[in-house]
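Colleague: Build the full structure now, drawing on both the sequences and the hints.
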Amino acid sequence: MNIKTIFLLSYIIVLPELFLGVCIVYLVFHSLFLGFNRCNNFILIEKPVLFLIKLTILFVCLLLINQNFLGLRILGFSNTFVFDILTNTSKIIIGVTSIIFFFIIEHFVSIPKINYFEYYIIFLFAFLGTFLICTSNDLLIAYLSIELQGLSFYLLASFNKNSSYSVEGGLKYFILGSFSSGLFLYGSSILYGLFGTLNFTDFSELSEDSLGNNIFSPDIFQYPLFLILISLLFKLAIAPFHVWLSDIYEGSPFSSTFFFAVVPKLSIFILFLKVFNYCFLNVFFYLTDVLVIIAVVSIIVGSFGGLEQRKLKSLLAYSSISHMGYILVVFSLPNNEGFQLAFSYLIIYMLSGLCFWFILMLIMVKTVYLKKQNKDLTDLILLHKSNSGLAINLNIILFSIAGFPPLIGFLTKIGLFLAAVEVHYYFISFLSVFCSVISTFYYIRVIKILYFEISVLVGKLYYPIKNQITFLLVLLVYFLIFFFIRPNLLFFISYKISFVL
Amino acid sequence: MIFLNNLLFCLFSIPLLGSFFLVVVSLKYSKQIGLSITCITFLFSLLLLLFFDKSLGTFQFGTSQIWFLGYTLIFSLGIDGISLFFVLLTTLLVPICLLISWNNITHFLKIYLVLFLILEAMLIGVFCILDLLLFYIFFESVLIPMFLIIGVWGSRERKMRAAFLFFLYTLFGSVSMLISILYIYYQVGTTDYRVLLTFSFSFLEQKFLWFSFFLSFATKVPMVPVHLWLPEAHVEAPTSGSVILAGVLLKLGTYGFLRFSLPLFPEACFYFSPFVYCLAGVSVVYTSFTAIRQTDFKRIIAYTSIAHMNIVVLGIFSFNVIGIEGAILQSLSHGFVASGLFMIIGVVYDRYHTRMVRYYGGLNHVMPIYVVIFLFFTMANIGLPGTSSFIGEFLILTGSFQSNTCVTLIGSTSMIIGGCYSLWLFNRVSYGNLKTQYFISFLDINKLEFLSFLPLIIGICLMGFIPFIFLNYLHMSVNNLIELIYF
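Chains as they are written, first to last, in the numbering used here: chain A, -5 to 495; chain B, 9 to 495.
Keep in mind that a hint or two might mislead.
As the list claims (entries may be wrong) - For the chain A half of the interface with chain B, some residues (derived, Cβ under 7 Å), not all of them:
| id | residue |
| --- | --- |
| 1 | 190 |
| 2 | 399 |
| 3 | 440 |
| 4 | 442 |
| 5 | 462 |
| 6 | 464 |
| 7 | 481 |
| 8 | 485 |
Hints were generated in silico from the structure; no laboratory data involved.
Where is the CB? At the ideal position from N, CA and C, for every residue including glycine.
Modeller: Pasting the structure below:
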């Protein structure tokens, strides 16, 4: 293979990202000059622009699906970018989620009056950052793409310019996010000082050799790795570093919360996986106990903290804290199938999160105060009378998230407990089961509000829902049941991925 | 052969497919269609009785299908003599439930019917499944429809508390069982029931596993420290909910003891039997006395059913053929009698919308047929010879007398105290002056209600006069079970 082919191959690896980047630049110009609406004083989002955005993501997904090197692992741009099944599959999942996301928010951005085209462009930038995190094979590239993703999120959080809460949320997110990114950078600079490289492939070879030959003691790795760990836990909002989450969820506009509650978890988790399970696998076993303790604390905080929440977004924030805790438990157990189970848990977490946020988007209350962003639990009262089908779907989703038997959430949770029992972590498994029962309490309280409040006579008025949106929702909820009846497909995907590492 | 092998799968899928079908049809005919689906299920389940081979103690009508390769979980169905009658009881009670709620369910009728059909499918699944993890899945999935039935169609504001108590008590009880099932899976490599029977756990393991299973089943039975959810759930549930709760859901506990605790952990069963005797004895006496001082019609019956179910537990832990057969018969009989009594309450509740005993009196002047049926069920509740309860209790007490005399003495007091509160209740409601200051119009039971009482009355008499037709089906399977315990 000559130099030219290698160079070409590098470009083929990042082709979807390149395509997306070029498209974003084009879309900026298009919406600035061609998508101009003369009827209004400011530039509103136009239907063709939206269509172009969806088309772009669709093409990116098609590129990803076709980007198949027979399951080989290929490195490009002097080993800074990587292609394997893990990155490819996770990028496809993120892509599909984003298409669904854009379909959903299309109808619900105009009501809170944030329908500027920049909003979508920033979403696309966040999307690009998410992709690059998955593709990166180098700590510096990873840092830069985290920053790309993060900066877009700070903007998205504070996009509701009229609301002081939104600006406050964005500022908080910016300060805490940049602080944690700083920790990441600090950790990686120490690693550079130790090894003279930032490449994941080099790290994995070096750490294997050095530990075998007793060149380095594992204590040396631990300090920078702890810094990187803390930064990533900040991004994932796992328990000791979770306090920002519900605040920022409450502050930011609904559609942007939707995006950063569902999509980036997967990408950050892939990075987490690459750093700890691929580069420093030997050192990772020293961290197991710490990680398990953190995960259990996260589960406890998530399940007990959610009990007192009266707002839907805070409830979801605490729910996500406990779920990330479960994923971390599976991931950190000294177990062969840990990663596989964690990945399937993540997919199901994203799916059910997508469904849940979808329904919360649909429940737009027609009240006098239109700009009311934050939804209380009481907004759902008598939903089963005003829209019975929506209530049934929400019911199924809640039971699935709570991990209840005839739905897929149960199977993924079972996998977690089984993994914990297999390595004789009985206390951990008992504690997580106990906490899952506690957290069931706040899920079924939502169901209580949906169904049982008959004494309240006046329900809320909601905006009507379009047909295609309903179809999409039913399709998504159908998967929650389908995966339980035929779980082989889901677990086969994660099984295939687990061979990469 | 192909027909017989798929019989159980068909039985399981008829209500499920029916519930999908119900979603599509118009609201006008949904009641009729729902009832006919459940009736078809019942008639279909009678085929089981027809083709069941009494001379075999093994699982019959077996089918299996691979469900989940990742954990090698196999969806295998099969029934033996123990589970046969529980399946029949379920399929009989669900049409009756729909009949008695024919006129009084007005809102969300379709969801109500769908939930009942799903509940029926799940209950058939629980009794037929031969896989421990899938048993747990069905055992838990029963909670969702029942939670919604109590919460949505319950009568008072307190129903939310009742629904939450029901849900959380059962869930807390069963999570320990989940961990144990996973431990068993890890140890044996499968959760197939027939494979587990050949595996013997060490004594220490048995003790832990037995106890965690016991927590879950004892909450379902319910035994005394964890019984509080039952009176609440019964009182707040609609009549049909109470019927299915008393008729079938409480049997899940005793069925679990029979199916899993006894054959899988026999040594632990013997080790813990004094503990079980103690709890069951306390439950019997305590709940019987508590029943006397209740003022709520439904609460009295709820506490009665706790006492009766604990006598069943005594029968199960007597570890002999007579006791266990008696326990199964008493479970069935309790399914008939308690459901009948709850329907009796439902009849007057539909008319007067109160359950306080003090508002009723002298109903024999105006509702004679109602009072006759009430008398019949009261006598069956006490255990009059000629009714099914007599056979069940007699067999249980005979069986448990062989293993422990003392606890039998305590258990048999329930028959006397049971006589007290049942006759007291019947006396208050039926005799005395007619309390016209509270109620003005009176209406005896109509054809629909009579029709729904009829199968239960026939069942009770049949079991009371010719019990051997039921016992014939049980003998081989119970002998099999006893062999598994002792060898």
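Colleague: With reference to the structure, classify each hint as holding or not holding.
Modeller: Hints and how they fare:
1. Look at residue 190 of chain A: its Cβ only gets to about 43 Å from chain B, farther than 7 Å, so that hint breaks.
2. Because the closest C-beta pair between residue 399 of chain A and chain B is about 4 Å apart, less than 7 Å, the hint holds.
3. Checking residue 440 of chain A against chain B by beta carbon gives a least distance of about 12 Å; that is not within 7 Å, so the hint is violated.
4. With a cut of 7 Å, the hint placing residue 442 of chain A at the interface with chain B holds, because the nearest CB-to-CB distance is about 6 Å.
5. Because the beta carbon of residue 462 of chain A sits about 21 Å from the nearest beta carbon in chain B, more than 7 Å, this interface hint is broken.
6. At about 15 Å, the closest approach between the beta carbon of residue 464 of chain A and any beta carbon in chain B exceeds 7 Å, and the interface hint on this residue is violated.
7. Interface restraint check: residue 481 of chain A against chain B, minimum CB-CB distance 5 Å, threshold 7 Å, status holds.
8. Residue-level restraint check for residue 485 of chain A holds (minimum Cβ-Cβ distance to chain B is 4 Å; threshold 7 Å).
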